[in-house]
Each structure stands twice: as structure tokens, then as C-alpha cells.
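Based on these hints, arrange chains Y and U on the given structure of chain G.
Below, each chain spelled out in residue letters.
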Amino acid sequence: MTTRPYPFTKLPFGGDWNPEQWERPVWNEDVQLFEHAGIDLLSVNIFAWTALQPAEDTYDFTRLDEVLALLESRGLRACLGTGTAAIPAWMATAFPDVMRVDEQGRQHRFGGRHNACPNSPTYRRFAPALAGQLAKRYAGRDVVALWHVSNEYGGACYCPRCEGAFRVWLRERYGTLEALNHAWNAAFWSQTITAWDEIIAPNELSVQGGERTTAVQGLTLDYQRFMSDALLGAYRLEVDAIRAEIPDAVITTNLMGTYRPLDYRAWAPHLDVIAWDSYPSPQDTPAAIALRHTLMRSLKGGQPFMLMEQTPSQQNWQAYNALKRPGVMRLQSWQAVAHGADAVMFFQMRRSVGACEKFHGAVMEHHGRTDTRVFREVAQLGAELKALGSATLGARTPARVAVWFDWPAWWAVENSSGPTAALHYLREVTALYTAFHSQGYAVDLVGPDSDLSPYGVVASTLLYLLPTGAAEKLTAFVEGGGMFLAGLMSGVADESDRVFPGGPPGPLKELLGVWVEEVDALPPGETNGVVFQGGLSGTHDCTLLFEQLRVEDAEVLGAYAQDFYAGSPVLTRRRAGEGQAWKLGTSLDAAGLRTLTRALCDEAGVRPLVPELPAGLEVTQRDGDGGSFLFVLNHTAQEQRLDVPGLTGTDVLNGEAVDGTVTLPPHGVRIVRRDAAGATA
Amino acid sequence: MTTRPYPFTKLPFGGDWNPEQWERPVWNEDVQLFEHAGIDLLSVNIFAWTALQPAEDTYDFTRLDEVLALLESRGLRACLGTGTAAIPAWMATAFPDVMRVDEQGRQHRFGGRHNACPNSPTYRRFAPALAGQLAKRYAGRDVVALWHVSNEYGGACYCPRCEGAFRVWLRERYGTLEALNHAWNAAFWSQTITAWDEIIAPNELSVQGGERTTAVQGLTLDYQRFMSDALLGAYRLEVDAIRAEIPDAVITTNLMGTYRPLDYRAWAPHLDVIAWDSYPSPQDTPAAIALRHTLMRSLKGGQPFMLMEQTPSQQNWQAYNALKRPGVMRLQSWQAVAHGADAVMFFQMRRSVGACEKFHGAVMEHHGRTDTRVFREVAQLGAELKALGSATLGARTPARVAVWFDWPAWWAVENSSGPTAALHYLREVTALYTAFHSQGYAVDLVGPDSDLSPYGVVASTLLYLLPTGAAEKLTAFVEGGGMFLAGLMSGVADESDRVFPGGPPGPLKELLGVWVEEVDALPPGETNGVVFQGGLSGTHDCTLLFEQLRVEDAEVLGAYAQDFYAGSPVLTRRRAGEGQAWKLGTSLDAAGLRTLTRALCDEAGVRPLVPELPAGLEVTQRDGDGGSFLFVLNHTAQEQRLDVPGLTGTDVLNGEAVDGTVTLPPHGVRIVRRDAAGATA
Amino acid sequence: MTTRPYPFTKLPFGGDWNPEQWERPVWNEDVQLFEHAGIDLLSVNIFAWTALQPAEDTYDFTRLDEVLALLESRGLRACLGTGTAAIPAWMATAFPDVMRVDEQGRQHRFGGRHNACPNSPTYRRFAPALAGQLAKRYAGRDVVALWHVSNEYGGACYCPRCEGAFRVWLRERYGTLEALNHAWNAAFWSQTITAWDEIIAPNELSVQGGERTTAVQGLTLDYQRFMSDALLGAYRLEVDAIRAEIPDAVITTNLMGTYRPLDYRAWAPHLDVIAWDSYPSPQDTPAAIALRHTLMRSLKGGQPFMLMEQTPSQQNWQAYNALKRPGVMRLQSWQAVAHGADAVMFFQMRRSVGACEKFHGAVMEHHGRTDTRVFREVAQLGAELKALGSATLGARTPARVAVWFDWPAWWAVENSSGPTAALHYLREVTALYTAFHSQGYAVDLVGPDSDLSPYGVVASTLLYLLPTGAAEKLTAFVEGGGMFLAGLMSGVADESDRVFPGGPPGPLKELLGVWVEEVDALPPGETNGVVFQGGLSGTHDCTLLFEQLRVEDAEVLGAYAQDFYAGSPVLTRRRAGEGQAWKLGTSLDAAGLRTLTRALCDEAGVRPLVPELPAGLEVTQRDGDGGSFLFVLNHTAQEQRLDVPGLTGTDVLNGEAVDGTVTLPPHGVRIVRRDAAGATA
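Chains as they are written, first to last, in the numbering used here: chain G, 1 to 681; chain Y, 1001 to 1681; chain U, 2001 to 2681.
No false leads were slipped in.
What the simulated footprint calls covered on chain U by chain G, stretch by stretch (three residues with Cβ under 8 Å from a Cβ of chain G suffice, anywhere in the stretch; the number is not a length):
| # | region |
| --- | --- |
| 1 | 2051-2058 |
| 2 | 2307-2316 |
| 3 | 2321-2328 |
| 4 | 2351-2357 |
These stretches of chain G come out as covered by chain Y in the derived footprint (C-beta under 8 Å, 3 or more residues):
| # | region |
| --- | --- |
| 5 | 49-58 |
| 6 | 101-112 |
| 7 | 302-316 |
| 8 | 345-355 |
Label-pair distances were calculated between CB atoms; the ranges are:
| # | chain 1 | residue 1 | chain 2 | residue 2 | range |
| --- | --- | --- | --- | --- | --- |
| 9 | G | K473 | U | A2422 | 49 to 59 Å |
| 10 | Y | A1422 | U | D2449 | 51 to 61 Å |
| 11 | Y | A1422 | G | A615 | 28 to 38 Å |
Keep in mind that the hints were calculated from the coordinates and are not lab data. Glycine included, C-beta positions come from ideal geometry on N, C-alpha and C.
For reference, chain G alone in the conformation it holds in the complex:
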């Protein structure tokens, strides 16, 4: 699979535009405002199915023709939606199979979006047909910069057609029922399948007792894989229909960051460019947002991505939709660029006047005025991006630290019953990522198929599900000189969520030199302590789970502080080849994780981007044809100063020279293009 070249020579700025909700005079106002704000790329036609195909045998492209002509006439370009993200009413009525059956077993009817059954013959016939019609009609039109298939794929269906497709999928995966029953340990509770047709989709009418409760983990895990594949299959049908008309079309769809149901690693090869929608909650830390950008960047091995949606002001679907404070929209936009974004886009240009997103912020609010805080901030950012031009386009974000992130591990560890209901994959991985990131290390996220050779440190937690070959790969990494950290609940189960013979850490046991005798689980609020030793020092709180490690061949670098396992090992290290394999048996607090991760980096000779990073500041680096850029972001409401000995360069936003020190206003951003001699990694 080849990836098409990025169709822009300047970082595009824009977002969703829904002219179908407005009269023609409003269109004209809008294009003027686009010019005013430096907006040059519009996502259109995202939810237009009924408009384009008002009946089974009727297509009508009149309005879309006009929309594209208007954009073209102003020198604007389109990210053209295929419009298939919500099923038309006529289709739901005439072909009820197109609607999903939910996790409670209920057949849904017309209404809402993200509601197509991916195995519905109706959907699989009509959706690519529409995409093909669009491609045929607009082939060769430069106004169409790229294609945006459907919208925010997600959810799941449990209908009879999905169930049938699941059986076929399983037969391809396992070949025989004997293999399937073994994988699922189906002898347990007599869950043995004796004919393929006996397999039932895992919802509340069969094995599920809720989203995180199942009687048969292997079945549920396979359905999660299957449904991710099924939605990908639906996406690919549309891609194929477009490609048939426009072989070199640039095609994508908008992903959703740390979205659990879809294994985006499996999706990535089928997108020409990764695009994603960033909607942080007011509670999210900057590091949590950074992790999502990093994850999206990692999907195609570090290739830059598009920030396809963000709100300019506020959301509507959080419980309490606070405004982004002055400067924060700009700051978060530059944060995306800092982590590899080559586009900055909003949802949406103009607030809709009715239905469920009418309180979602927009560049143009309901009042339709431009003499406002939000519009001014958008226009300022537009001007800055125009000034930046192509400087950062295509630039990479070199990193020598990698944190493990894997969808099947996420699914499996949260499907399990026990040892604790308080276990959340994302929380633990985010804590680990934050420990590196908050100290100024450039970090990537990697998974089972990643090339580990660029990294000095590979750190993991909840590496619960260990795919075939992963242990060998990690062993080679260590023996080649890498520092590897295995955290809590590592090496527990194989790809079918079967516990490895001999128990955790399974195939990592030899590498780590320890095994896990027991795992204690205590309620939130009950803590133990980790007493560092062997070169590390300090005592730090730990919570959640407490593994009892039995050391066979490793140094002890930390011991429990209390309870009946006081003094027993919780952090160990084994030297292997040129590298080291570390094992941590609990959930350590932030300060402890910072100490631990810095020690790993020191052992690996990995240095942070800056020697000392004050709290609330973030640094990243992008290197490309346009130079090497140090991004410094101030996530606090106070002025900040950062010393970077040896740094010389020019701030590309204000043109000022920088020499060793960067000062930032509240929520400020500095982008320093390094002088030729100043690049580091």
C-alpha cells in the first residue's frame, strides 16, 4: 500500500462548512469571512446523503456543484466528504437491515448518525455507489484537495448479518472449531462450540453483563477485532469506489485519538494521511492531549497528520462546556503542530441553528458577527499560519523514547473480571507517557509492529496481552542496548487472552528475570509505598495493584514499604546483552514515575530536549526541509521563562532572535527555528 503525497504546499487552515443548512446569501458572507480569517480548506458534504440521494434511484448534485464552484471561485479548496455518515430516512424505512442492533439486542430505527450496520448489504451497496458517483463527477477538479470518507467511524452492531459475518471471520482466523474452543478456553462453563452456527454475537442477550463484563473474554475480544475490521471494511469499500475513478486521490477519514473500539493501527495503512478530531475535556492535562497527538502521529510511523476538527470556543456534549480561555485555542492549535500536525481545522465554520449540536462552538457563532473574541483569535491564528507558510510541512518529530500502546491489550485488560475494577488502560499509559513528556523527553508511541531501532528506551505498562513475537522483539531490543520497562500486569495473556503457561510475565520471564507469585488488589485510596534502592532513592506512593515478584535473575531496585509484603521486591532490573530489562509491579505515583523514567533515559544516554522543564511548559522539536524547530508552549496562565543553554535561532512567529532563553506570556507559544549549529535530538 502506497501513501499519496500530501496535497498542500502550505499548512491548511479551515474546517467543517455546512452550507446545506443555510440560504445562499449566508454562503457569500461565509466565503468573505474565510478570506478575512485566512481560511483556505473547507470540509464539506459530510452529512449530505439524503440531499445527494433523495431516493433510491435519484442523485442530485446541484447544490454540491454550486458549493464547489463557489470555493473554486475564491481560490479555496475542499476536503470532500462522501456524505455517508448518517443513513437517509428513506433507506432506513425501505431497508431496515441498514440500521444497527445494539448491545442490548434492540433493532434500531431511523434517527441519528453513526448508525449503519457495516455488514448490511444495503449499506454496502449504497455507500460505495454514492462515493463512486462523487468521484466520477469531481475527478480532476483541483478544488477537491482530498477525500473525507464518512465521519468518525465508531460503535458496533450485533445484528444477524454481523453475526453471520463474524462466523466467517472466525473460521478464517481459527480454521477449526477445535482451535477456536482452545483459544477461548471454552471448556470453562461448557461454552464449547460444536457448530459454527452456534456462535452468538457477544451482547447482553448472550455473554455480556455490561460493556466491561463478559463470560467469555476470548469471544468478546474477537468480536472487538471483528467489528473494528468490519467498519474498516466499510471504509475500504468507499475508498475502492473512489480509487476506481481517481487512482491518485488522497483519501482519509477522521479518527478520534484514543478511541477504544477501533484498532487504528489496522486502519492506518488504508488512509493516505492520518486525520483526527481533538476534543479534550476541560479536565484533560496538556500531556493527555499530547499523548493523543503522539498516538495519531505514530500510526503511520511518524508521518505528519491533520488536525481535522477542534472547537474554536466550546463543545456541547461535555457535562459543563467551559469556553476555551483567551489564547487557549491558539495554544492547542500550535500544540498539534508541535506534535506533527500539518493542518489545523475546526468544527465548524458556523453554529447550526437547530438539532443536537446547536450549542457547539464555531468560528461564526449564532450572532453571526466577526467583532468577537473568538473570531479575532481565529483570524490571528490564520495570519500566523500564513506567515509560517510551508516551513514545518512534512517535518518529523525525532524521539528516542517510546511508550507501548496497543488496542488489543487495551480491550483485553478491560474485558477481564478481576483483579480490580479500577484498572483503566488509558490512565496507566497516560501516567507513564506523562512522566517522560513532563521532563522534556520527545516520546513516540509504539506497538507490536513498530520498528524499535530508533529508540533508546521502550517503556510499557499493562502490556497484558503480548502478541506472538513481541517477547523476541523486546529481547532483541534489550540485547542490542535498549532499556525496556515492563510495568504492571505484563506478559499475562496471549492474543486470545489465554494466560501464558507458567503465568505472568509469560514469554518475558527470561528477559525480566522475575515471575509474579500473586497480585493484591486494594480499593482506591489504599496505598503502599515503593522504597527505591540500588542507585535510585526516595519512597513513593503506589496504588491499585501490588504484584508479588519472585526474583530469579535480577537486581532489586525497589521494595514495598508496608503490608505483609513489606520489603519484598516491586522494581527489578536485569542486564541482558548491552541493555537492561526493568520490571515494575505496581502503579506508581507521578513523582516516582518521573524518577524511574529519568533513570531509564540516563542509562540509555537519552537526553531531554531541554535540561530542566518548568511545570506547565511543554517542548517538542520538528525537523524537516524547512529547518529544525523547537516548540515551547506555556500551558499556564502565568508568564514563564525557559533556559536552553546553547539554543540560538529565530522565533518564527515574531521574528525575534533567541539566544539561550525563551520567555513566554500566559498561554504563549514560541517556535524557534534553530540556527544551523543549534540542532540537537
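Showing chains Y and U alone in chain G's frame:
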């Protein structure tokens, strides 16, 4: 539509009596106790459908004949239920369409009450047939004082028959699908309807994600209107059946105060007298209860109402069913009268021995004794009411302050997604009502169709949905000298929940002289402050939502105290004609609302009923043929004293003369008939 | 019904073994570890239906033959499951009626366990057929020590077949619809049934609004009885099939302690020996666990029982699955024996590698090693049990105090709406039990059919539902010299949950000499006080419900401390015959209950097993052919000392002589075989 004259010459006292649950000897005990307690009106036959019609073609009125004869023989009168409030088992079995489909799309089966589908052909045939039979049988019988159709209408149905009726209703409302799609902004998410039969009832199988979550607000709002109308239609079928036999029958049904699903304003013209059931929770403030009485009184423009049900002792369906403390039942009964009740009724005469209300209090508890606290309190009240006679009957409660209350606004603002999930219509309106009421102002509740001419002040909050003509009406009110307050989120959307062009406050923008640039939403617990200025003084907490007002033509009377909008306006006033239009952009605390509402009244020259009202006291006034009565209620457990300079009159409960001062025991009540010179308003 | 003799001459030790999940070499490892740990009884074949019957017409016992042969060859014995606890996939597919319809009315499909509809013709055909095949095949094999039918019966079904069977069950219970309608007070809300076929199972599609909310208590209560009977009926079909082949087979199933849905008292006669699974949550007090053992022991009048399952280390289905601390598994095992267990069994021998119990602890963890804390503790216990031999087998636990425990009362009081949602039967009964138990009294649990003659004290709370004859029985008990305590909400309703004429305490009114005028309910956190008097002293907090007692013929021993009923009676005593009848009208705190219960015992001349029991210690006594044993258990993590003047004997665990004092290490256990002179009761 004409309203029949009130069929009583003395304020009736009584309640629900269910002889069908008891043997004949108990009936005789009961009627003796009625006499003992001064009870003279009994609601009977409320849940008697199966007894009256044990099979499709069989009616049996034997027992009801006996019940009425017994009442008649004792000089008691009946509020005669039509008995249709619960579907008989035989009907549910033979005609399953009579049972509802719920918000989860589940077809219900026999069991419980309030379970009839209002569009079921079966129900619409059998219910009025029974009502007609009853009317035919008991026409001309003086023992039947009034008719009580069904019971506590409520809930909703989502069955295919309702769906079909909804399509007809929509076609009548909109005429064309184009109009409907525009009203619902259906281009959003491709929700466009291309044929009437594609319209789906909004439940969890279509657009609802729960009671307050919908994908299409316009659809959901219309279904709320439709279902209120559908239940009203079912009520009217029974009314018509009775009227056909007894043209001058006095007919009503028991409403439920601030009951969200039914737009009682649309119901009111079809009831001869408003009747309602008051079941405050132990957490309700006296003002919250007062608001409900006021709302019920407002339904027919101030006409007195019946307190149709209350518990003499305790409820059973609250989480914790505390006893009403000694004196509280009496106090709450007089509170109802103080606000316009011309009847005081209980649920129920005798505790049932089984099924789900067996722990609901009654005049006669399970022990069946009269030497009890509860019975004594009931009998004391009965004696007081007898002594009062007809004095207050028909008396009005003059008020010069009105607070806006509108069901469609309530529905719409709580259907919306964003800006905050913490927004509750009733809480905000109650806070505003309480600010006036707690200072001794007589208050009415008004809506879009109300005559505003009696009022000096009209205050609103969450006037979110502004019906056609409302802005003109309010403008005329102001220009004619009125004080108008528009609170938080005013003038946002039209009757279809489409945001007005130009944004909030929509058609009120000219009148108020401000527009809303943005609305911030913060989690509960995060506050800002309002710094009063321009004649008002003090600083008060505000919470929930924080509108950024842009002033075009208004004085600023308050500014935010902190955050990035510190110093920007939050309270404004524009003088227009003889009056003033005030705008408040946040949810102000109780003390702040008191200051603000007093300022409005002062500007309008509206005076409270008493100069200074101590906390925990309540005052109202009723004026009628029997005189002008000042009601003073002590909601505290301490003795209280109230000074009312110039008040002279006689306490009608104890016959004592009053001159300028009223003292009240704990939970005490004083009703002062003013001397001819003492009346004020 | 006769009970078969206990088939063991030494207290058996073992648990669930699932060789079907493992390869043959693992079987051989396992049997060696059994020997190493002193394990001699294995529960096998519990979930083997699909394996034994892979298709409708095919049985295959090959593997089970091998399993039993292997056990036999090692001198081990089997508790042989009939394997019917989970429906095979082929059966669910071919005969969908075998799967349940749930409380939401949803037909379930294949998956999980405990999923058979007890009235399914398919299930009722296939399950006993399999049991019969097993019995025929293994009749006369000594390796089969006892039969274990299905597993942990529970849950409920609401399918049309259950509904039909329910109608038959009701017709047998009531004879006529008139009787049924009277029992359910069906005139309320017109719930009257006019034909048997109109009766609907009580789920969310009919009268239920959730598990504890019903419109018709009588209907729901009868369905609870019916479903308990229906599951018992399914059990009995299998028992009969086994008996047909092996008339003297010892047959049981594993119960679940205080499991609400099944009335184990009705089940007990059909089990040859009571067996139960003990899975305390980390929050359970030792007394709460003791209550469950006591309840299980009480089911067959004090006959010893089997502890059929417990975890050696941790569970998986609690929210937070803490490890049992060192010594706690042993302590809880001996606690079971102390209360009458004649077997100590685990779930499970080896942790399963997949599916939903893979994190449930086992004797052999996933690592498969024996050099572990858990295995060592198991093996130590195995050795101790071997040393104990038959000494305690069959020994009884004499008690002179009884606490009332009755499933229908539990159901009924929690089905009710009001007076408080905070009312939990188990919490109140446990508090009462704990008051006796924590002072060292030997306690039994009794119900309506129990022989009360052994007891000096019978104490109750929430004796809400009073079966026919219970009042007479309790009156006779008192008149014969017993002390009877009626607690909160006693004597409220009859067996159909109809309130007794005259109200609470119904038929107990004469015995107690008081009646209940009102019951106040306050939210959790609001308290009153009980001021003891008349020989008792002190003031103690009370909560939840506050009955207003009216005394007709009783002494007042306690009065309320505050609120409008301050000073009014809350604790009374009436002397009747040789005994006394006490009445308590609230939920008293732990210290108050201790004072009250000690007073009752003192009046009855009942002495505790030891004069003064320190907090955290537990004592019980078992007397049998092997002697009289005093069990002393230390539930604290500190060393403890207990003085028992006059106690002389030998600790059977360590062989040391005991003379007046017992010292215990943390979590320690002492079992003192009394010298011939030392026995007390």
C-alpha cells in the same frame, strides 16, 4: 369554552375513598368517621374499571349504586371518578394495543396504572363508553358534585398507533415536509424527512439517548407537544361522553403541579375547575410548594382551584417517608387555601392493606383507630373549615408581580445538549419566584397567552423558547410602564427550538439593548461574582452559566467579579417608553435575587403585602365577596411575630381582633379578615 | 424424606477440579499436588454438559471415566457433578425455549451459565436424562462419594412457559380467583384478575419498576415463591433420576448462604447434606460470615454441613479483589468448622487460563508452582485436618439463643414501597445476630417451622411477614418461660403481604401489649436516641425508622430522646406466663443492641460460652462423639489472650494443655478439646 359554576357553597373537605377494597361493615365505620372529622366530599370510583366492567360486554354498577346511596343517606357528596385510570386485565389480554410501548421501545403487558395508550382504538372506544354509561346512570343525582375523569394523566407511549397519529399531527402543524425539515433543521446530520411515513417516534430506538438526550431537538419537542395533546384528547373523549348525558356537569381531572410532560396551559380550558395533587418531598421549601399552587391557580387566570389530594401523614414513594410533623398537615392545607384553594382533600380515607401504596398515609391508618394524632389533626381542620364556611370561596389573590412559566420552554431548554448538564428549568424559576415570595410580594405565574396588564413587574429566567408574539407583547408591556426582567438564556430559540437569526436574545434584542457574545459554563461549585452598580450595591455569587453581554443601548447595573471577563457587564437595564427592560446573564444567588427583585418592584411602585417579612413566614391575600383576608403562615418550629402597620381586622380561626401585629405559634396559621378600611394590594 | 448418612469418616479436604480444561500431563501433576496438600475430595464434572453430550443423541463419558479412574487409583474420591449447570450451545440453538427471558422481558440466547429456564420442556427432558445416564454408569463406584447436582441454582425466568406454570401454581395455592384477588388486594388500582390466563409474570413489562419496585406486592411475592419452587423442581428431577439408579446415593447441590432468591428452608429436605459456597467480600465482618454458616447449619436443624467452595487466595468478581492475608484462609476454614462444617473445600484446584474466572484464585495459580505462600497455607491446613481426623465429625453446636430468619419476610419487606428505601433485611438481622455473637453467645437461626424448645431467647427484627401459626407458637414459647424480642416492623403482614386487621404488630399485639400508631422514616444520617430505663441504663443512637408505640399492657424500658415524640416509648416488655415479650420500635446501634441482648439472656438464664469476649475474638463450641470442643478464633492482626475460668483441656492443633487461658497469635486458631469435666453450654 365556558366554565361551569363551582358546585359547593362551603369549602369542601374530604378525599379518596376506596370502599371496593373493604367489606360492608367497614363502609359504615367510615361514614361515621367522616361525620366526626367534618368530611363532606369523597372521591370514589377512581380505579374501578374492572369492577364496573368485568368483561367486554358487561357492566355492573351494583356496588357503586350502594356507595352513592350510602353517601347520599349521610348528606355527603361524591367527586365521581370515571374509573378509567388503569386498564382491566381482560382488556389488556384481549386487546394488547391498549398497553403502551415505552421509551425503550418495549411493548408493555397488563399490570400497574397510567398504562393506556392514548391512541389505542380499544382505549378510545371503551373509556368514553364507560364514562357515558356512568353519566347516563347518575345524571341528575345531586350526590354527584363533580366528575373526576381518570387520574393523574401522565407518561408517554411510543407505539405504532401513536407514531401514526404523530404523523397526522405533524402534517396539521407544518403542512409540508419542507416546513417540517426547516423547523427541525433536518439538514443537520442528514435527518431530512422525504415522506411522512419515514417519521419515527423519538425513543431510544431512534433519536433518544436517554430522557434528556436527543439527536433532533425539534422532533423531540414536537413529540412532547403531541403526547400532551394526545392525553388531553383521551381526557376530552370522556368529557364529551359525560357532557352528552349531562350538559352542565362539572368535570375535572387531577393535575400534578409542576409536572413536566403535560402542558397544563393547553389542558386548562377543558377543565371546569383546576384540581391538583400536592405531594411535596421533605426537601421542598414552602416557597417551592407555593409556586405549585400559584401555577395551578394561574391555569385559569386566577380562578380558585381544588387541592384534590395530599397525604394527612406520610407518603410511601419518597426514598424516606418522614411523617408530617404535628401541625404541618394543617399548615400545608391552609397554605393551599392561602394561594387560592377552594377545597382541601386527602389521599386517602383508609390505608389499603395490600399492594404498592399500603404504606401511604391515610386519615384512618391500618390500626383503624381515631384516638390518634393524625385523626385529631384532620378533625380539627375539618372543624375550622366548617367554621370558615363560604367566607373565602371564590376569593381572588391579587398580584402585581408575575413570573414567566412555560412548558415548551421547559421542555426545550432541558432537551438541549449543552451548554451545561446542570441546567434545570424548575430550579431557576423557583429561585426567581422565591426571591419575590420571600419578601412578601404577591406573585402570579404567567405564560405566552397571559394578560400582562395587571402587572407592574414581569420577571423571567430561561425564557429560552420565545413564542411568536411574545417579544411584541413584552415590549408593549415595558413601553406601557412595566418592569421586565430577562434572565439567563433568554430569547434563544423559536417555537421549533431553532435559534433566532442573530442569536440570543433574539427578538428581545432591541428591547433589552444587549446581545450575547458567548456563554461560559462551569462545573457546579465554581462561582463568579456579580458586582452591583448604578444604584444597586453589593456583590453576590453567581454560578452555572456566564453570558458575555455586549451592550448596544443599556445601562450596566452589574459586572462580573473575576475570570477573564471580570468587569464586563452581567446585569443591564434599558429604559423604553414608560418602563424598563432588565437583562441578567447568569444564575444569581438568593440574596442577589432578592436585591434585584426588590429593585424591580420599587421601580414599578409595587409594594409587598407586609413591609418586612421574617424568614420562614409566608403571607398571601385573598379578596372576595366574603371580605379581604390576609393569610400569615409560620413555616418554622418557633413562635413568630409579624408587624403589619395599619392592619386591623379579625382572625377568622380564633375570632381575636388584630391590630398591627400578628403572633404565630410554631407552624401556626392566622387568617385576618381585614376591617373595611384595611385592604391593600 | 430421610437423609442419607455422611459418606466420610474424616473431614474431607479438596475442591473443584476441572481436568477438562487441561492436557493429560497436567492431570498427573495435579494428583501429585493433591497428595502433597492432603487433598482427598474433588468436585468434578460441574460444567461438562457439552463434553458429555456433544449432540442431542450422543453421550461420551470417555474422559470422565479416565478422570474417575485416576482419582480411584490414587485413593481420592469425587463429588460428582451432574454437569447441567450451563446449557450446551447446540441445545440453545436447536431448542431456544431452554434459555431464559429476563426481568426486562428479553429472550436470552446461548452464552454464560445459570441460564436454563426451569420450566423449559427441553431442559426438563435433557437434564435428568444426563443425570440418569451418569448414575447408571457410575452406580456402585466407591470413588463417587457424593453427587453434586448442577451448580449454584439461582436467578429467575419470565418466559411464557414459566408464566403458564405460575398460573398452575397459583391455582393450586388459591383455588379460586376470588381468593387470589383478595390475597393480592387486587381491587387496588383495578388489578383484579378475571381469568387465570390474564395473570402476567411480574417483570419490567408488567408490574416491576426495578428489582425492588412492584405495583402488586402479592403477585411479586408469589412469583418469588414460585421461582424458588420451580428451580427446586428442576433440582428434584435430577435427584429422582439419580435415585432411580442408586437409591442410597448421597445427593446435594451447593447453596450460597444468604442468597435472597431461593428459600433454602424449602430446599433443605431435598438435600442429603447441606453444602454451600462462602465468598465473603473484604468488607464482611467475621460475624456476618458466621451468620451465613449458622444459617446453613440451621437448614437441617443443626446437622453439620459442607463448606463446598471458598477461594484459597482471592476472588475475581469483587470490585477490588484483595488477597486473603497470611493465615486468613486457614482462619476462615476453621471458622466454618467451628460453626458446623464437616468439609473444607476450595474453588478451585488450578486457575483457568481463559474466560471470566481466570483471575479467580486457586490452590495452583497460573504459575503452576508449589513453592508459594498460598500452596504452603493449603498444605498446612491439609495436614491439620488430617491430624484432626474424625474428632469433630458430626459434632453439634448447642445454642440457647435463636434469631429469626425467614426468606418470605425478607422478600416481602424489601418488595414494599415505603416507609424507607434504606431498609435492608440482611443488615438489620445481621446487626441483631452480631449483638449476641460478639458477646460469646452460641446462636442459632430459626424460622416459622423451627422447634423453639431448645431456646431461652428468641430474638427477631423485621418479622414483617408473620406466617399463620407463628404468633401462637411465639406466645407458647413466651408462656413457657422464653424471652422473645420483636424488633422493628414486626407483625405487619400475613403470608400474602396483606397488612393484618388492626395494623402492626397484628397477631402479636396481645403478646406484646403494644400497638404501633405511626412509623417515622428519616434519611440516613438523621438519628434519634433510645433512653433505657426500668433496669436498663444508658442512651444509644437509633436510626432508619421510628415507631410510635402505644402501650396497652407493658412496661416501658426505653423512650425516644428527641423530636416530637421525645419521651414516648420505643422499648417495652410484657410478662406473660413464665416468660417475657419485648418490643423494640427502631433500629438501635451496636452498643445498644449488646445491652439489650445481654439483658434478654440474663432474664433467660442463658450464659455466653466465655464470660468476657475481647473484640475481634470469636468462640463457638461443638459437641459430639469425639468430645466437646471450644473453638477460639482471632480475627485481628494482633496477638490476643482470652480468659476462660475453669476451662481445662488440650489444644487439638498443637497438642498443648490449656488451663483457664487461651493465647492466640494474629489470625490464630485454638481448638480446645475439653477435659471430661470442663463441658458447659
